[in-house]
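Numbering-wise (this note's numbering), the sequence shown opens with residue 231 and increments by one.
By construction, these hints were calculated from the structure, which means they are not laboratory data.
Beta carbons are placed, not taken as given, at the ideal position from N, Cα and C, and that holds for glycine.
Be aware that a few hints might be false.
Lysine to aspartate or glutamate pairs mimicking DMTMM-like chemistry, simulated, CA-CA at most 25 Å apart [said to hold, decoys possible]:
no.: 1; residue 1: Lys247; residue 2: Glu316
no.: 2; residue 1: Lys258; residue 2: Glu316
no.: 3; residue 1: Lys320; residue 2: Glu308
Pairwise CB distance ranges, derived in the manner of DEER restraints [stated by the list, open to error]:
no.: 4; residue 1: Lys287; residue 2: Asn260; range: 15 to 21 Å
no.: 5; residue 1: Phe317; residue 2: Arg261; range: 40 to 46 Å
no.: 6; residue 1: Met303; residue 2: Asn330; range: 21 to 27 Å
no.: 7; residue 1: His249; residue 2: Arg333; range: 28 to 34 Å
no.: 8; residue 1: Glu308; residue 2: Arg261; range: 16 to 22 Å
no.: 9; residue 1: Asn329; residue 2: Asn269; range: 21 to 27 Å
no.: 10; residue 1: Arg321; residue 2: Glu251; range: 18 to 24 Å
no.: 11; residue 1: Gly319; residue 2: Ile276; range: 38 to 44 Å
no.: 12; residue 1: His249; residue 2: Gln311; range: 15 to 21 Å
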Amino acid sequence: SVLTNHKRTHLPESFNKYHCEICGKSFKQNRSLKNHMTNHQSDEDIPRPYKCEICGKRFKRKDFLKTHLQTHMDDDNEIKQPYKFEFCGKRCTNTGQLNNHKR
Numbered sequence: 231s232v233l234t235n236h237k238r239t240h241l242p243e244s245f246n247k248y249h250c251e252i253c254g255k256s257f258k259q260n261r262s263l264k265n266h267m268t269n270h271q272s273d274e275d276i277p278r279p280y281k282c283e284i285c286g287k288r289f290k291r292k293d294f295l296k297t298h299l300q301t302h303m304d305d306d307n308e309i310k311q312p313y314k315f316e317f318c319g320k321r322c323t324n325t326g327q328l329n330n331h332k333r
């Protein structure tokens, strides 16, 4: 509804559920993210020296990486580890880590 959409504009950015994987900016609505993505269409040649050690995504600016890192944190500011190996109980932050552990 119009009222629900309006209320969302007053939420802090941490409540945004749509995140740009290139720069880390977040949005309340998917259509806003899609519109934003057009800004990155010519960004393929831009160097991205800042790497997320959790998922491997790269960013052109340190502040973009810092914003992105928040997507990996839970409410207690601990790194989320949603992937669990049922055999031993080891928890991982992504499927790549989990698969490496299984080997």
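task: Given the range 40 to 46 Å, decide if the beta-carbon distance of Phe317 to Arg261 lies inside it.
output: holds (42 Å)
query: Is the gap between the beta carbons of His249 and Gln311 within 15 to 21 Å?
result: Holds - the Cβ-Cβ distance for His249 and Gln311, about 19 Å, lies within 15 to 21 Å.
- request: Determine whether the Cβ-Cβ distance between Asn329 and Asn269 falls within the hinted range of 21 to 27 Å.
  value: Violated, since Asn329 and Asn269 (Cβ atoms, about 34 Å apart) do not stay within the stated range.
Restraint status (C-alpha distance of Lys258 to Glu316 at most 25 Å): With a Cα-Cα distance of about 35 Å, the restraint between Lys258 and Glu316 is violated, given a limit of 25 Å.
- prompt: Quick one: are His249 and Arg333 within 28 to 34 Å, going by C-beta?
  reply: At 30 Å between Cβs, range holds.
- request: Hint says 18 to 24 Å; check whether the CB-CB distance for Arg321 and Glu251 agrees.
  value: Hint holds: Cβ distance 23 Å, inside 18 to 24 Å.
task: Evaluate the given range 21 to 27 Å for the C-beta pair formed by Met303 and Asn330.
output: Because 22 Å falls inside the window, the suggested range holds.
- prompt: Is 16 to 22 Å a correct range for the gap between the Cβ atoms of Glu308 and Arg261?
  reply: violated (32 Å)
- prompt: Given the hint that Lys320 pairs with Glu308, does the C-alpha gap stay at or below 25 Å?
  reply: Given pair Lys320, Glu308 holds - Cα atoms ~16 Å apart, limit 25 Å.
- prompt: Holds or violated: Lys247 with Glu316, Cα cutoff 25 Å?
  reply: violated (29 Å)
query: Do the Cβ positions of Gly319 and Ile276 conform to the proposed distance bound of 38 to 44 Å?
result: holds (41 Å)
query: Regarding Lys287 and Asn260, is the given constraint of 15 to 21 Å on their beta-carbon distance met?
result: For Asn260 against Lys287, whose Cβ atoms are near 19 Å apart, the range 15 to 21 Å holds.
Comparing the model with each earlier hint shows violations of hints 1, 2, 8 and 9; every other hint is respected.
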